[in-house]
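Full structure from sequences and hints, please.
For reference, the chains in residue letters:
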Amino acid sequence: MSAFSMPASARLWMPESASTAAQQVDWVFDVVLVICTIFFVGITGALVAFVVRYRRREGTPATRQLHHHTGLEVAWSVIPGILLAVIFIVGLTGFMQLTTPPEDAYEVGVIGKKWVWAFQYPNGYIDDTLHVPVDQPVMLNMTSDDVIHSMYIPAFRVKRDVIPGRYTKLWFEATKPGEFNLFCAEYCGTKHSNMISSVVVHPPGEFDRWLEKASNFLETMSPAEAGKLLYKRRGCAQCHSVDGSQMAGPSFLAAWGQTAVLDDGSTVEVDANYIRESILEPQSKARAGYRKVMPTYQGQLKDEEISALIEFIKSLK
Amino acid sequence: MSTTLPPTTRLPEQAWKSEPISEPDYLRNKRGIMSWVYTLDHKRIGVMYLIGILTAFLMGGVMAILVRTELLSPSRTIMGPDAYNHMFTLHGAIMTFLFIIPSIPAALGNFILPIMLGAKDVAFPRMNLASWYLWVFGAVFLIAAMALNGLDTGWTFYTPYSTTTNSSVISATLGVFILGFSSIFTGINFIATVHIMRPKGMTWFRMPLFLWSLYSTAIIQVLATPVLGITLLLLIAERALGIGFFDPKLGGDPVLYQHFFWFYSHPAVYIMILPAMGVISELISTFSRTPIFGYRFMCYSAIAIAFLGFLVWGHHMFTSESAMAAVIFSALTFSVSIPSGIKVFNWLATLYKGSISLTTPMCFALSFILLFTIGGLTGLFLGALATDIHLHDTYFVVAHFHYVMMGGSLMAFIGGMFYWWPKLFGKMYSEFWGRISCLIIFIGFNWTFFPQFILGSRGMPRRFYDYKPEYQGLHVISTSGAFFLGIGLILCAAVFLHSLWRGRRAPANPWGAATLEWQTASPPPLHNFVDDPVVTDPYDMADFELQRDTGDYVRRPYTPSQSDGTETQS
Numbered sequence: 001m002s003a004f005s006m007p008a009s010a011r012l013w014m015p016e017s018a019s020t021a022a023q024q025v026d027w028v029f030d031v032v033l034v035i036c037t038i039f040f041v042g043i044t045g046a047l048v049a050f051v052v053r054y055r056r057r058e059g060t061p062a063t064r065q066l067h068h069h070t071g072l073e074v075a076w077s078v079i080p081g082i083l084l085a086v087i088f089i090v091g092l093t094g095f096m097q098l099t100t101p102p103e104d105a106y107e108v109g110v111i112g113k114k115w116v117w118a119f120q121y122p123n124g125y126i127d128d129t130l131h132v133p134v135d136q137p138v139m140l141n142m143t144s145d146d147v148i149h150s151m152y153i154p155a156f157r158v159k160r161d162v163i164p165g166r167y168t169k170l171w172f173e174a175t176k177p178g179e180f181n182l183f184c185a186e187y188c189g190t191k192h193s194n195m196i197s198s199v200v201v202h203p204p205g206e207f208d209r210w211l212e213k214a215s216n217f218l219e220t221m222s223p224a225e226a227g228k229l230l231y232k233r234r235g236c237a238q239c240h241s242v243d244g245s246q247m248a249g250p251s252f253l254a255a256w257g258q259t260a261v262l263d264d265g266s267t268v269e270v271d272a273n274y275i276r277e278s279i280l281e282p283q284s285k286a287r288a289g290y291r292k293v294m295p296t297y298q299g300q301l302k303d304e305e306i307s308a309l310i311e312f313i314k315s316l317k
Numbered sequence: 318m319s320t321t322l323p324p325t326t327r328l329p330e331q332a333w334k335s336e337p338i339s340e341p342d343y344l345r346n347k348r349g350i351m352s353w354v355y356t357l358d359h360k361r362i363g364v365m366y367l368i369g370i371l372t373a374f375l376m377g378g379v380m381a382i383l384v385r386t387e388l389l390s391p392s393r394t395i396m397g398p399d400a401y402n403h404m405f406t407l408h409g410a411i412m413t414f415l416f417i418i419p420s421i422p423a424a425l426g427n428f429i430l431p432i433m434l435g436a437k438d439v440a441f442p443r444m445n446l447a448s449w450y451l452w453v454f455g456a457v458f459l460i461a462a463m464a465l466n467g468l469d470t471g472w473t474f475y476t477p478y479s480t481t482t483n484s485s486v487i488s489a490t491l492g493v494f495i496l497g498f499s500s501i502f503t504g505i506n507f508i509a510t511v512h513i514m515r516p517k518g519m520t521w522f523r524m525p526l527f528l529w530s531l532y533s534t535a536i537i538q539v540l541a542t543p544v545l546g547i548t549l550l551l552l553i554a555e556r557a558l559g560i561g562f563f564d565p566k567l568g569g570d571p572v573l574y575q576h577f578f579w580f581y582s583h584p585a586v587y588i589m590i591l592p593a594m595g596v597i598s599e600l601i602s603t604f605s606r607t608p609i610f611g612y613r614f615m616c617y618s619a620i621a622i623a624f625l626g627f628l629v630w631g632h633h634m635f636t637s638e639s640a641m642a643a644v645i646f647s648a649l650t651f652s653v654s655i656p657s658g659i660k661v662f663n664w665l666a667t668l669y670k671g672s673i674s675l676t677t678p679m680c681f682a683l684s685f686i687l688l689f690t691i692g693g694l695t696g697l698f699l700g701a702l703a704t705d706i707h708l709h710d711t712y713f714v715v716a717h718f719h720y721v722m723m724g725g726s727l728m729a730f731i732g733g734m735f736y737w738w739p740k741l742f743g744k745m746y747s748e749f750w751g752r753i754s755c756l757i758i759f760i761g762f763n764w765t766f767f768p769q770f771i772l773g774s775r776g777m778p779r780r781f782y783d784y785k786p787e788y789q790g791l792h793v794i795s796t797s798g799a800f801f802l803g804i805g806l807i808l809c810a811a812v813f814l815h816s817l818w819r820g821r822r823a824p825a826n827p828w829g830a831a832t833l834e835w836q837t838a839s840p841p842p843l844h845n846f847v848d849d850p851v852v853t854d855p856y857d858m859a860d861f862e863l864q865r866d867t868g869d870y871v872r873r874p875y876t877p878s879q880s881d882g883t884e885t886q887s
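Protein chains in written order, with our numbering: chain Y, 1 to 317; chain A, 318 to 887.
All the pointers check out, no bait thrown in.
BS3-like cross-link-like pairs, simulated, lysine-lysine; straight-line CA separation at most 27 Å: (1) Y/Lys285 to Y/Lys317; (2) Y/Lys176 to A/Lys785; (3) Y/Lys232 to Y/Lys285; (4) Y/Lys317 to Y/Lys292; (5) Y/Lys169 to A/Lys566; (6) Y/Lys302 to Y/Lys232; (7) Y/Lys232 to Y/Lys314; (8) Y/Lys292 to A/Lys566; (9) A/Lys517 to A/Lys437; (10) A/Lys566 to Y/Lys285; (11) Y/Lys314 to Y/Lys285; (12) A/Lys347 to A/Lys744; (13) Y/Lys292 to Y/Lys302; (14) Y/Lys302 to A/Lys566; (15) Y/Lys232 to A/Lys785; (16) Y/Lys317 to Y/Lys232; (17) Y/Lys302 to Y/Lys169; (18) A/Lys437 to A/Lys744.
No wet-lab data here; the hints were simulated from the structure.
See the structure below:
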């Protein structure tokens, strides 16, 4: 596991690179950086030199007689034009690689919602962290439950918007094991900056073992423990505290058995049925004093998982 | 060919002397609040715009400082996440819609355009006043959002976030809708003025480049702004009436909104930068005491930028549109760099063998060239597809557009303010403190925004309240630069205020420029000129000589001059 302690990027520009695309993108970045530096140094140099050399001195008027020169002006339109074409083509080749997933890519489903990521593996298991095997192409098939989000993994140099009502795809091939930042790059509200997760790249052979172990948490843990895990992983924790502090949604502390006031003035007892309904149809009986921002978990939590969550809430005295 | 002035039509001496003239200036022509409220004088309307936009700039600037202060540390520093989201949204919306878009065209342009053209006023003075009142109404609606539920959508109002959030989106978008009409009115007025109000001798290719830039800008304002208006109405209809245009839950398409929005907002970038380029052309030429190099290329490049600016909106959506669209928009995007490059090279060539004096406006103009160059060159990283995917929606973009909008438009606006200040208010200012403020602003600006390029390239997303600790060092550097920048701007304001209070009287032509606004008194009389101005080559400054006692430049008695090729067509 020594690879987990790889040093961070030694470069000033760009973060650590950990995917096949990263090398290509960094190469494009460097090409553009060199061209820009040459132009910037040239322009600054000329500006400073002219200002120093042609500072106004008493009684010396401007001496330039030439007020236009078509050849010169065409030259400084065409030469930059050629360089721009080069940058376009270099940028295009890297982009083609970024947008053409290989046939055999391992598919992971992604749902973005305020303010948590759900990664669904082919066996149906859902996690809030993206786990992938090293040296194997992975394709994310993404959609959003509410507003636009954007999947961004800086170390892989990939980004793609996650849009409600349609699927977008993003692929990468991780080249080194380790844990890397995963951000939401499209502004999505109060906790946009906490919609942070990470990608865990497993060394060869370890990914399958991890997936098998992680998928069995309902069998290996007590319902309340499993509920606690779900509470953290599936986004409940972003809006519901367990210590009574005020967040976007009501706290779970001592919620069980309480009589809650709804936004239409009626009251309801917080029991298993109410919790289940609030998870599946959050807007139908919204609590008074809270904004109706909770997304539905219909089809995203299994019955056993909802039961585990109920057990967890029940345990918070 | 009318450079040869008949000796008998020399300008009357008093027209460019600051000594008492036959007519009181526009500020003293009439008195009382009503003389401002109902004024149709483009100069007074320009001054009212100036007061309005500077108030907006102050508000937006305070918000910027609060945003930067919050970013000193991850998580909470001085405010919560919702307050932060409201703060950066209003900073962006106020700076864009209330400040930068109207700054040079509506404030400086309103004042200068007719005088520079040799006209008595704009073509439609009532419409001009109406545009100012629309600006005020728009500002009230936009700022009312702050007093109601705030605004937390980002200045871009992306759907479906903007149609589902609880903040006051309708008030704010109505405000922007009204501001759009204000902008359209100014545009129509400028187009008409340039077409029909040019006096005898003012041919298209004898117009100063500032007028070319305002004219190109006006075309964009008139053609692009209605698209924003319609888009915002659709957004309001979706939010208020539940009609599905953009929200997939109602059968709409959220990316469609982005296309509509950027179809206006990318050309709007050129509404912000083209007038700035025009200002810089005037400043560089005047303070090098030599005609602008490649005048015609400068005219054509302004028109080219205005045209190409309409074709590149899709580069804001490389991560949401189809790969094919991204490739096409990337290619088109690079084309717009060519005319911008021409401008930078021609400014440099103008300095060559000039007689350069580093006055305050010139210091701002030279700062503009350096900062705009960085802004433009970093745009290449964003136009290139492979790198944009990584850099999109990070601080790299934030730094890039601040270099263009603030390092570009704002520096040109301040430079233009220092340049035309003597004409606006008839007062000179402290050159020493003016230059010091430029130096502090230049250093403070780079100190604030250059680290953000590095932050962004290392993966720091924009609009983040909280962030990973690894980014804190660069955030702290950036924030300390922002405080320094703030000091520079305050100093700059102090120089202006001190000038109003204590400034020396300005002569008619303190810089020795040849454009027409310098051939009338400072400040100008109500109808701009006592006698009809005589139109010559706008950049032929050789005939103006400095009078030591008054600090005024006066045209040498007429001698037949040789023509120099740039003005063979008229």
